[in-house]
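J.: Single-letter residue listing:
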Amino acid sequence: MPTVLYGAAYYQEYMPSDRLDKDIELMKQSGLTVVRLGESTWTSWEPKEGQFEFAWMDRILDALHKAGIKVIMGTPTYSIPPWLHAKHPEIMAVHLDGSTSTYGIRQNMDISHPAYRFYCERVIRQIMAHYKDHPSIIGYQVDNETSYYQSAGPVVQKGFVDYLKKKFGSTQELNKVWGLVYWGQLVQGWDELPARDGILNPGYKVEFERFQRTRVTDFLDWQARIVNEYKRPGQFVTQDFSGGVHTDIDQWAIARSLDIASTNPYYSVQDELDFQTATLTDDVARSVKDANFLVTETNAQTIGWDSKGQFPPYDGQLRMNVYGHLADGANMVEYWHWHSLHYGQETYWKGVLSHDLQPNRIFKEFSQVGHELQKIGPKLVNLKKTQDVAILFSADSYHGIRYMPFSDKHDYMSLLQQLHKTLYRLNVGVDIITPETKDLQRYKVIVVPPLYVASDTVLNRLAEYAKNGGHLLLTFKSGFTDEYDTVRPVMAPGPLREAAGFHYQEFSSLKQTLALKGDPFKAGEQNQVSTWIEMIELDTAKALAYYDHPFFSRYPAITRNEFGRGSVTFEGTVLSDELQMRVVDTVLKQAGLDGPDRQLPAAIHVKHGTGNSGHAMHYYFNYSGSPQSFAYPYSGAVDLLTGKPVAKAQSVTLPAWDVIIAEER
Amino acid sequence: MPTVLYGAAYYQEYMPSDRLDKDIELMKQSGLTVVRLGESTWTSWEPKEGQFEFAWMDRILDALHKAGIKVIMGTPTYSIPPWLHAKHPEIMAVHLDGSTSTYGIRQNMDISHPAYRFYCERVIRQIMAHYKDHPSIIGYQVDNETSYYQSAGPVVQKGFVDYLKKKFGSTQELNKVWGLVYWGQLVQGWDELPARDGILNPGYKVEFERFQRTRVTDFLDWQARIVNEYKRPGQFVTQDFSGGVHTDIDQWAIARSLDIASTNPYYSVQDELDFQTATLTDDVARSVKDANFLVTETNAQTIGWDSKGQFPPYDGQLRMNVYGHLADGANMVEYWHWHSLHYGQETYWKGVLSHDLQPNRIFKEFSQVGHELQKIGPKLVNLKKTQDVAILFSADSYHGIRYMPFSDKHDYMSLLQQLHKTLYRLNVGVDIITPETKDLQRYKVIVVPPLYVASDTVLNRLAEYAKNGGHLLLTFKSGFTDEYDTVRPVMAPGPLREAAGFHYQEFSSLKQTLALKGDPFKAGEQNQVSTWIEMIELDTAKALAYYDHPFFSRYPAITRNEFGRGSVTFEGTVLSDELQMRVVDTVLKQAGLDGPDRQLPAAIHVKHGTGNSGHAMHYYFNYSGSPQSFAYPYSGAVDLLTGKPVAKAQSVTLPAWDVIIAEER
Amino acid sequence: MPTVLYGAAYYQEYMPSDRLDKDIELMKQSGLTVVRLGESTWTSWEPKEGQFEFAWMDRILDALHKAGIKVIMGTPTYSIPPWLHAKHPEIMAVHLDGSTSTYGIRQNMDISHPAYRFYCERVIRQIMAHYKDHPSIIGYQVDNETSYYQSAGPVVQKGFVDYLKKKFGSTQELNKVWGLVYWGQLVQGWDELPARDGILNPGYKVEFERFQRTRVTDFLDWQARIVNEYKRPGQFVTQDFSGGVHTDIDQWAIARSLDIASTNPYYSVQDELDFQTATLTDDVARSVKDANFLVTETNAQTIGWDSKGQFPPYDGQLRMNVYGHLADGANMVEYWHWHSLHYGQETYWKGVLSHDLQPNRIFKEFSQVGHELQKIGPKLVNLKKTQDVAILFSADSYHGIRYMPFSDKHDYMSLLQQLHKTLYRLNVGVDIITPETKDLQRYKVIVVPPLYVASDTVLNRLAEYAKNGGHLLLTFKSGFTDEYDTVRPVMAPGPLREAAGFHYQEFSSLKQTLALKGDPFKAGEQNQVSTWIEMIELDTAKALAYYDHPFFSRYPAITRNEFGRGSVTFEGTVLSDELQMRVVDTVLKQAGLDGPDRQLPAAIHVKHGTGNSGHAMHYYFNYSGSPQSFAYPYSGAVDLLTGKPVAKAQSVTLPAWDVIIAEER
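Residue numbers (our numbering), protein chains in the order written: chain G, 39 to 703; chain L, 39 to 703; chain E, 39 to 703.
No lab work stands behind these hints, which were simulated from the structure alone.
There may be inaccurate statements among the hints.
A pair counts as met if it fits within one copy or between any two copies, since identical chains are not told apart.
Cross-link-like lysine-lysine pairs, in silico, DSSO-like; alpha carbons within 27 Å at most [to be verified]:
no., residue 1, residue 2
1, Lys243, Lys346
2, Lys505, Lys214
3, Lys402, Lys549
4, Lys549, Lys327
5, Lys66, Lys402
6, Lys627, Lys125
7, Lys196, Lys346
8, Lys243, Lys86
9, Lys125, Lys170
10, Lys243, Lys413
11, Lys269, Lys447
12, Lys125, Lys204
13, Lys203, Lys447
14, Lys125, Lys203
15, Lys560, Lys204
16, Lys555, Lys205
17, Lys686, Lys214
18, Lys482, Lys104
19, Lys125, Lys243
20, Lys346, Lys555
21, Lys549, Lys413
22, Lys125, Lys66
23, Lys86, Lys682
24, Lys447, Lys555
25, Lys60, Lys243
26, Lys125, Lys60
27, Lys346, Lys327
None of the values given here were measured: they were computed from a predicted structure.
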């Protein structure tokens, strides 16, 4: 892309009266360069079954084109028309509790249902045929924040049986891998297989989740293939993932069907703005294709499906967040949305304009950014990011632990979040990888939240990684079950035992927090572990810490094993945030990762990359309401926003909620 | 009415053995003058379908008549017989979640269902025909605490479509007012209209609530018309509303079908007795017909559908509460009920007698009041109340906010309650008015809880009221949406903008409480606002207070606009109780409302009116467990309870939980 | 029995690979003498309908027999095969909310359903016929922890009507005892009787619970009779109750069909180990047949259906718990289970061996006990227990109060638990008796949790008990309703009034705690009562305590009436634990129960009995992590575990989590 795109989703059709000209005038005035259209209004495209309308959209596209504004066109399939529901109620999602989705909310149908697919395909082909030559369109979005919508009724169950037949061949094999002999539930033939609704068997449940993820991949791949039949060279196909790390869809698999990945990060602003969860969302979006990505939606004024959590950004926050996404590798930032709505569930999910539809405080800041990007967008686009550290994400482990939780407070995701937050706090950028990732050696450190469900192959690959010089941080419960969520009948942590240098036969929950004996990491008041203890017995590893407790003191809490040319650090318990930071810090230092980014004030965060012109870029952000100073440690640069030079070792003061972009020269 | 009525609901048929003579002896002994009969026992009237029994009731009526006790007879339709459920299960309420009411509880049927109506009509006509000439009967109660019982299944949905056709004409109009274009849900014809069960659209939901209220009005009007065919001149028809302000029924509309309104206030006693919620209930009952009303049920010993909240009144409390209701304009106080029940869900909802059915502490106090009323009842009856202040209640706004709540802690009702409590604490009596109320100018001050849903007509009428000299206290969210719950596409507060003298484009939730800068109302520790901020920009109004906050300090928290001959005070945020009291106080003073009632000790409350003989009456109550003294500020009077004179400026000491009734002479 | 049995449930069929020989080797090595087999794996017995497999079990039985290990064989009926569910979905439990049990969990069928019974009977007869002559089998377990599984659908409802017809004869009688006249719900004939699902009537609900209990009794009696047709002389039939006191089954009635009762106590260990709830479970198991019992399942390593509450015992705890059960009268202790499972819902309900299936810390302690019992088992078996105190348990009262609760915090069970805990703390052993228990006079003291539902006969029997010299401790709500849960229409506490020496007409809930005036029991900070007050008026009783409160001070809180040759102490309110202990202490002293067991350190508990050789036995346990000393007060004895003599008055020091067994000589 030649420059950064900046814009909003635009729904002229939602407005109480025609404002197309007024809107385009405001857009031009603000520096907006792109809008997303069409993905939300199936009944505007097809008000009655088989009757298609295009004039309303032609007029919008033509006007945008005239104004030089680019368009991303969406397929309108995530929210079905009333006539479709009335005619084909059988396409609605049937949930595990037997209830059927009612009409009213979007995203409530069975995405595998052939009747739904039939109407989807027709409306997509109609739109594509009509607009394939329109010059304003740069790309297509297929569907919107797709999931499987808790659809799990009899039709889905039949699909699951087909999936099982293909994967396992016979119910004999299922009896074995899931241990159906337990409670006398051996199955003799597929017609006896009980439905998911009452199932307690963890292996069955984890496999069912895997199947559900494939349904979403299949649906989006199918849409992308239809769109690909029509799209012009140079146009792209994308899908907009909702924010965070998803366990209900396989973002990596879906991304293989897309030309570029998109994401919709929404996050807390005002006093809570620190951009960590936004960064995690961006890290995923960048990692799924190992490439630049688009932000298709993000906070404009306020968000929420009611008016309980209305938090408009403070002055400066909207602007700094744009640069936050660009620093993560985004090539576009688009708000949801241009207007605010006067009816419907998202009345309080406000756009750039308020309900009064006139310029306001936010529009002013939006315009400031629009004009800045007109100038510096070409330098910011296509940022190259190379990370030394990766976090390994396992959706299977999330579900495996979800079905056998170790805590009401902590779970797989809270551990993953803690580790990401720790690295963010240390100003260490990360990629997100999965158990399928083969090329591990490109990372100096791999951090592994509880890898509860994993095949021998995956565990052996991690062990190999360490042996070859990688530094592995493993957490409790890793290695406990195989890929079928079945506990290994050997000493834990199974295939990781040699690399980790210990074994255990027992574990215990903890009702209270415990201290580590002698505060080995100098964490002071936060010298605290909790929730879970693996009763580790050392083979070759060294203990980094022991528990302060009459009984548990004999078991190490944290261990490290020098293994081959690398190392394996293991946390056998849940660490406080401070303790986690100090342990991660030692692992980074093991890997030779240290430096000036670690000396910044807590409110200052820095992100790096190589700019479009090949220069190193350093983005500095002040996530606080007061000015913050620091010494700039890199080669001489220019702040692209102000045009001022920044010299090595120069003291830089960032105002409240502000940013500089230092491009080395 | 010639005197105050005093009595209880009476269910001789509920007793384990015949006690009619014993009960009537105790009633006579106590001074009881009225009982309510018959409304709860359909199967005693009609044990088998079409077989009617009257002998059991004839005997009771004759004995009561002989004893000179008056009777209110109820239609027994709120609890259906087992045979009716067995024969017509289709009349049971079907809820939004698809579940059907089971048999066991009362008030679980679809009150619009023709099959239910058929059996209702027959039993009502049978009873009316049989008893229309009985001399003991002074009036009839139709049904009991009627609502629509969450009935919202397919039959109700059909009724809703008919209602919509009449009101809106076409689905094109619905597409427009509800904005069904959002999420592509445009409807082409009534057969496509989705059912209420899955609906998220706020406008649809608010209209559905309106429709449900009309169903209750229609049902009670229909019953009243049947009874009117039989009743003698001088007899009345009433319905007993349950306590509080109702959002599921339209009490004003229903009252138009009644000769007199009744109400069933139940409230906390023991240490929590302050009679505020009871007063609110009474204020509604008096306001719906702008006339005296009846208390058909209230606490005798204890209340509750289990034994978790059994709180018998302390000595004196039962007695003072009778005079509390009379001071609000009641012409009758009837307990629920005479006996206590030995079985059924209300075993612990105890009557005047305990389960042992012998005189007890409560019976003694009941008798004391009975004998007092024999003497002074004729002076207390028909109290005339004229209020300077009104609270505007909007059921639509309640629902509009409920479907887009701004808080888990505060809602429309909590604001209305806070405002009533504030005025009660200031000893200012109020009427309750509605958006339909035309004659606003009779009030000096109108207090408006968040008027979120309102037509231009209503808002313009309020602006006009201020212009003509009224003093309006408006609260946040007022004026935000129109009568269809659709946000106005203009600067807020829409049609109120000129009268209020400001506008806003943005608002914010608050996670923490904030102080008002400089504590302008001297509220000390309670100088606190919370939850919600409208980011007000002044046009002509003056700011009475600003926020103490780095960002929000630029926005006024409370404003006042002198407008025409009156004023508009606006609260853009949620105030602490103390702050609310101080702000209301300034509004009252704007309107010239001040005086000695504001100097009373906190535990003393006073209520006023003009007595049956044309004299001014002042009721003073001590809502505390210790004696309280105050200077009596009005013209010389006599305490009707003791016969002692009370001179102007005399110091009066009220014992714990006691009352005086000063009638000016 | 000649000696104590020690073992585990054993599921070789659950293992990922064959380990029969390895397991038996480990069993022999550890001293294990018994295993339970077969009750959990219907599909191993009958993989397809009507096709039975025995070879897998023959092999296990033969190997065990060869190793001299005894077997308890279970009928496999508590968990149904997939083929049975697929063929007969109509046997699944239908719940009160109309939902049907799904397949996956065990114990989810209607145990009265004839189709289920047909398949049960066939598989039981097949197993019995095949194994009736196998020499290793010492007894049979019918089903497992049986309940009625919330099955309450139409089929159960029909059974209930039959039950009612038999018990009450006509609906006229029901109308009367349940007071169906209330809310006009009189029933004219059985076809009109409403189903349980919507019922609010407390009498109906309590009777329905009684009916449900009879269904379980009937089912187990039916199974026992089938097994009895086959079993050899000397073999026993048992059922394993889950822990605690059950309100959903009638353990006393069921026990009449069994040769010996079994129980499955599971309880907290680590820092929370005090063995009180385990003792209560044992007390019930011993009381139901007034005989020794078996522990069929108990904690090995950790328990839980997830990994949130994994608490392996500290060193010594597993061992001391074995002797704890023996001291309560157990003749067997069997763990659930030998292995740990690698799949299924109970993956974290760990057995003696961990998932690695190799000897571990717990196996070591298991083996220590196994070898101790080889030596001293013959002396410990068949312990005779004679208790001076009984707690009267009323399932009806539990349900009566459940349907009209007096608190969210306290209920029938919390009171029963408090009383048991109090007596346990005082080292007073108890039997558990029921309202049906006739021979009350064998106890010196009977302690009665709120006996809310009880017939005149039962209440008169208790009064008679006191008159004849017994000492009765009664608690509030006792005597309030009759056997139909109908409140008595007389002064409370009804038939208990003369014995208790007081009456009351009123009661009150309490929002705050109150003190007793003058702290009459010297409870200091715990001089606190709460929740409920019966407003007692004394007849002949004396007040032991009054409330400290302006209003309630006129009512006694605790009373005592000397009655005949005994006494009745009454608690009209909820006492703090400390207060309860001091009140119970005075009642024990009334009965002459005092002595050296009351002087022990808090962590030391003692239990007594007469050993198999006729000598008095005293078990002392140290439930703490530090050594505890006490003076041994009984005749000279030998500690069976160490063989060391223990002299009268000798100071004994017990190490942390340890036990001595003093056999008098």
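J.: All hints are to be evaluated individually against the structure, with a verdict given for each.
T.: A quick look at each hint next to the structure:
1. Lys243 with Lys346: between (35 Å within a copy, 19 Å between copies)
2. Lys505 with Lys214: neither (33 Å within a copy, 67 Å between copies)
3. Lys402 with Lys549: between (53 Å within a copy, 26 Å between copies)
4. Lys549 with Lys327: neither (42 Å within a copy, 38 Å between copies)
5. Lys66 with Lys402: within (13 Å within a copy, 80 Å between copies)
6. Lys627 with Lys125: Neither. Shortest intra-copy (63 Å) and inter-copy (63 Å) distances fail the 27 Å Cα cut-off.
7. Lys196 with Lys346: The answer is neither: 41 Å in one copy and 34 Å across copies each exceed 27 Å.
8. Lys243 with Lys86: Close across copies (25 Å), not inside one copy (40 Å); limit 27 Å.
9. Lys125 with Lys170: Neither: 30 Å inside a chain and 55 Å across chains, both beyond 27 Å.
10. Lys243 with Lys413: neither (53 Å within a copy, 48 Å between copies)
11. Lys269 with Lys447: neither (48 Å within a copy, 52 Å between copies)
12. Lys125 with Lys204: Cα proximity of lysine 125 and lysine 204: across copies only (26 Å, versus 33 Å in one copy).
13. Lys203 with Lys447: So lysine 203 and lysine 447 fail the 27 Å test inside a copy (38 Å) and across (52 Å) alike.
14. Lys125 with Lys203: between (33 Å within a copy, 22 Å between copies)
15. Lys560 with Lys204: Result: close neither inside a copy nor across copies, 54 Å intra and 75 Å inter.
16. Lys555 with Lys205: neither (49 Å within a copy, 68 Å between copies)
17. Lys686 with Lys214: neither (64 Å within a copy, 61 Å between copies)
18. Lys482 with Lys104: neither (50 Å within a copy, 59 Å between copies)
19. Lys125 with Lys243: Result: close only across copies, 24 Å inter versus 33 Å intra.
20. Lys346 with Lys555: Between copies, since 24 Å is at most 27 Å while 45 Å is not.
21. Lys549 with Lys413: Neither: 58 Å inside a copy, 38 Å across copies.
22. Lys125 with Lys66: neither (43 Å within a copy, 69 Å between copies)
23. Lys86 with Lys682: neither (59 Å within a copy, 82 Å between copies)
24. Lys447 with Lys555: Result: close within a single copy only, 24 Å intra versus 39 Å inter.
25. Lys60 with Lys243: neither (53 Å within a copy, 32 Å between copies)
26. Lys125 with Lys60: neither (39 Å within a copy, 64 Å between copies)
27. Lys346 with Lys327: Neither: 36 Å inside a chain and 37 Å across chains, both beyond 27 Å.
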